[in-house]
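Q: Sequence:
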Amino acid sequence: MKNTELFRMLEIPDEVEKQLINYGKSRNVYIPNVIINKILKRDEWDVGIQELQELLEDDSDGIKTLWELLNIISNYSYEEYIKRNISNDIFVATMKFCTRFLHEYHQTFQTYRFVWGWWFPRQISLNEYRIGALEYEFVDAENREIAVHIPSDADLRKRSVAQSIKDFNEFRVKHYPGWKTVKLTSNTWMLMPELKEMLGKDSNIIAFQNLFEIDTVDYDATWYMNWIFPGIENIDESLPERTTLQRKVKKHLLDGKKFGVAKGHLKAEYGGDEAL
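5 is the number that numbering that gives the first Met the number 0 gives to position 6 of the sequence shown; each next residue is one higher, with no gaps.
Worth flagging that the hints you see were computed from the coordinates, not collected in a lab. A hint or two may mislead.
[Unchecked claim] Ranges of calculated distance between the beta carbons of each label pair, as one might list FRET restraints: (1) MET0 / SER25: 20 to 28 Å; (2) ARG158 / LYS179: 20 to 28 Å; (3) LYS179 / GLU79: 16 to 24 Å.
[Said to hold, decoys possible] Below, computed lysine-lysine pairings styled on PhoX-like, alpha-carbon distance capped at 25 Å: (4) LYS247 / LYS195; (5) LYS173 / LYS40; (6) LYS195 / LYS179; (7) LYS1 / LYS82; (8) LYS17 / LYS95.
Every residue gets a Cβ at the ideal spot worked out from N, C-alpha and C, and that includes glycine.
All chains, please: the whole structure from these sequences, using the hints.
A: Right, dumping it as structure tokens:
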């Protein structure tokens with residue numbers, strides 16, 4: 000697939016597409032296969048991304064990194080999807096990860112930057128897929144698990160989430176039969192127990208939370224801030240209150256209480272591994 004075809008397929012913003020095309024025309028760097036292979040391996044992709052960015056040098060807006068990663072998709076990932084008979088709809092939905100984060104950065108900072116190169120290898124290496132509302136990452140580590148991620152644009156209504164889980168279970172039986180009984184987990188601020196009091200039983204977030212058995216809670220984690228209060232790190236009176244969630248979490252924090260992230264596993268009755 001040509002890179003320009005991929006840009007349009009993923010609906011890359013026009014301004015970014017022009018920058019990508021200009022970089023492609025003037026590109027004078029060679030990325031050795033050893034770096035590309037690292038980007039495609041879970042236990043090496045952090046090093047691979049670091050080595051790639053060192054070769055690219057001045058890339059403050061991440062456009063060079065984005066071009067190089069999209070180039071791998073054009074020359075490797077797309078062909079792998081075809082070989083594995085995985086639908087084009089799943090390919091597009093999965094790879095639009097980069098499009099979503101370009102738009103989100105622009106919404107927060109009024110400029111385009113791609114700062115998520117460190118996460119993108121998951122999709123590029125066919126370790127993570129978006130199926131319906133949710134994303135599913137095959138974590139082939141010491142303790143195998145399938146990590147459920149919640150995109151910011153996810154439809155968290157019960158029916159949509161249930162359909163996503165159902166479709167994913169069919170997907171893994173077909174394409175990853177060796178993972179048929181591996182548990183689904185989620186590590187997210189959305190599983191924090193305090194949210195039940197903040198949001199009430201009719202909240203879609205609480206409905207999602209109720210699908211999981213919470214295993215651990217980490218009150219030292221602070222990365223939830225970027226999801227609830229995008230672009231803001233300091234906890235003070237200036238925190239926005241545009242949503243009920245923001246108002247409730249802000250009050251919770253200013254009252255001196257801790258928030259964080261929790262990890263849990265999908266309950267069997269909702270499609271967890273024991274139910275398969």
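Q: State for each hint whether it applies.
A: Checked hints:
1. MET0 / SER25: 20 to 28 Å: holds, 21 Å
2. ARG158 / LYS179: 20 to 28 Å: Hint holds: Cβ distance 24 Å, inside 20 to 28 Å.
3. LYS179 / GLU79: 16 to 24 Å: holds, 21 Å
4. LYS247 / LYS195: With a Cα-Cα distance of about 11 Å, the restraint between LYS247 and LYS195 holds, given a limit of 25 Å.
5. LYS173 / LYS40: holds, 23 Å
6. LYS195 / LYS179: violated, 32 Å
7. LYS1 / LYS82: holds, 18 Å
8. LYS17 / LYS95: holds, 17 Å
The earlier numbered hint that this structure contradicts is number 6, and it is the only one.
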